[in-house]
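Residue numbers (the working numbering), protein chains in the order written: chain Y, 1 to 425; chain Z, 1001 to 1362.
Please keep in mind that the hints were generated in silico from the structure rather than gathered at the bench.
One or more of the hints may lead you astray.
Some but not every residue of chain Z turned toward chain Y, in silico, with C-beta under 8 Å [as the list claims (entries may be wrong)]:
(1) F1058
(2) M1085
(3) A1091
(4) F1156
(5) I1312
(6) H1317
(7) F1340
Computed from a predicted structure; not experimentally measured.
The beta carbon of each residue, even a glycine, is placed where N, CA and C say it ideally should be.
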Amino acid sequence: MEVTISTAELLTTDGIPLKQSLRKAERRNKLRAFLLVFPLLLFIFVTFVMPIGDMLLRSVDDSQINSVFPNTFDEYKNWDKGADELPPEEVYKSLFFELANGDKRQIGKALTRMNYAKSGWKSLIKKTTREIKKIVKKGEEPVSYKDTFININKLWADPTYWYSFNQMVKDRSSIYYWNALDRTFDEEGDVVLQDEKRRMYIKTWLRTFKVSVYVTIFCLILGFPVAHLLANLPLRYSNLLMIFVLLPFWTSLLVRTTAWIVMLQQNGVINGILVWLGVISDDGRIQMVYNEVGTLIAMTQILLPFMILPLYSVMRVIPKSHMRAAQNLGAKPVTAFLRVYLPQTIPGISAGGLLVFVLAIGYFITPELVGGKDGKLIGSWIAYHLKTTLNWGLCAALGAILLGIMLIFYWLYNKIVGIDNIKLG
Amino acid sequence: MNDTSQSFVKFEKIDKSYDGEVLVVKNLNLDIAKGEFVTMLGPSGSGKTTTLMMLAGFETPTNGEIFLDTKPISKIPPYEREIGMVFQNYALFPHMTVAENLSFPLEVRKISKPDIKEKVQKALDMVELGNFGTRFPAQLSGGQQQRVALARALVFEPRLVLMDEPLGALDKNLREQMQYEIKHIHDRIGITVVYVTHDQSEALTMSNRIAVFNDGVVQQLSTPDILYEKPENSFVAKFIGENNTLNGVVKEINGSSCIVDLDNNQGTIKALKINVNEVGEKTQLSIRPERVSINDGNNEENSFTGKIEELIYLGDHIRARLDVCGNNEFIVKVPNEGNFSHKEGDTLNLSWNSEDVRALDI
């Protein structure tokens, strides 16, 4: 049988095409919905999207130094490193004038950047600038700029200084990312490992991972039974217990962290009790804080609610009859738990796990305070460079890598569990 | 059927209390024969679900013992009882497909893969869901989920199947259809079924026998027809079917019948003596609406008049609410034979046989 499909456009009673009429009716609703979320959208854009964009740009930005020494860098590019040991005369000449006439503050900033590439640049240029200014004041014009430089300081004859220019001559540079992974550029511009003394980021990255994974696992082990209890108690009791779970949220993070120092330090409460009980001797007090152990203990406690809450919300809606049904069907309680209950809590486990892991990987205050030297995480380095060395490019690169890792985990999570399965409450 | 040697399930002096103060089930004695379909019927909180849970092993009796196939089962954990159960909301495992749900009880019994496959398919065919094995429960309608739950409770060939208000979540049409399906499956495979419901029509449709629960006590245990036609106390009379009541005092007892003076001098009624023992006792008389006949008023015994308070047209019959002997909730069902011409406010002559009036407790 042949089915004929009417191709004529559907019309409303008034003869307007139905689709057009519908669009018109919907437009108002859409506009209203948009206006309602617009303030939040704007807020998020200004306070979240723009800073992250700025961070990502900053992590590859090398334009400042290029604006300070434009001619020098242009001439530098003409240097044939194979043929001549040192750069040609024009490079020295451009640098001479750019140092003599440049803005002092901008040069200062550029020097900081140059010092990342090779330590020693800052003092060398400062000294040199002073001498150059004297020469300019006298009104002399050097016969050879190159010799003038070398006369001022013989380091100007050291090609390794000049090689370090290599990584700065472009407006965009990946050097901060390589630095964040204990790598740098050699004179040929190839990526090489840092000196052994300066390798600390890989170690910290690995520790950050390890601590985050352990904290996630501990939170799961400790949080699962609590969430199960909360989900199965009568509402009266579970509400009371829930307050205990949420109590940490109402206490300052700093207070909780310092409380852990009081508890865990060598003359602290726990060691005191252990000595008093005779479990350990007075000389054998255990070092539990200012190391990785302290970081693990404190972070597990602080992040525990983030595991319990999603687990609780998932467990609460699993009917109690399921465990009964499984047993009724012949499964021993353990089997019933493993095959019927546990699989149904996976959305909660994965949501809690992802949440705790992502929070842990970027955690700062607690590891900073209780971590000591061995317990510091990558967040501490970001803070250090942000406040102390002012190496914002490296900060941005570290932050961007952190962001990338989180996105990878999010992607993996979505692949394996499916983001629709996430349940936070 | 009440012979202990024959009974397949036997509740003996079962008491159950959750808090040590209130008995949820009081001195329950119940025998169920093999292959029987027994329904526990009662209002919510009457102890029927608790009784079922004790049988399934999820609650322990406070006193007494339950025997299954002559063996006491109090010490046997639920997973070794070999009792199938259909739960109120089906309790299908949402993370497993229909086929996986059905193979679960077989897998934990370590049955071989090919056997599992065959049994699962057979069970699915039985509930007419042969092609639904790969679906997840959430992709099925309520009625289909119900059937899967039923198939899962039967697939491991349990000794006994319990059903805890299994049709409660379905709409009316589907519920009625499923009642017949469950009944047919029971007839076909002859398994013993203990069924819990608060819906009397469901109980009447499906059961061999019905135990009417109230307040933790079995009020009456009988076949559906006896329960309806010969209720032994006023609770059963009120709970099963529609019922007109008249209150009075026993005036005279003559063997199996008695004479009752209605309250407020509304007259005297001859009734069957069921749940009264002596003259002067207060009693509640029970008459089914369909046993009241409307006539010209020359019946020799139990002849009364009633004023029509309300008429409701229901197609096959007209439901008349009358004021009879001071009870203005007296219902009479008039068959729609096309010749009923009375209006509200008219007075009708009513009569009934004294065998249809039962003098019960109050």
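Hints, verified against the model:
no.	hint	result
1	F1058	holds, 6 Å
2	M1085	holds, 5 Å
3	A1091	holds, 4 Å
4	F1156	holds, 6 Å
5	I1312	violated, 41 Å
6	H1317	violated, 41 Å
7	F1340	violated, 48 Å
Violated hints, in rising order: 5, 6, 7; the structure is consistent with all others.
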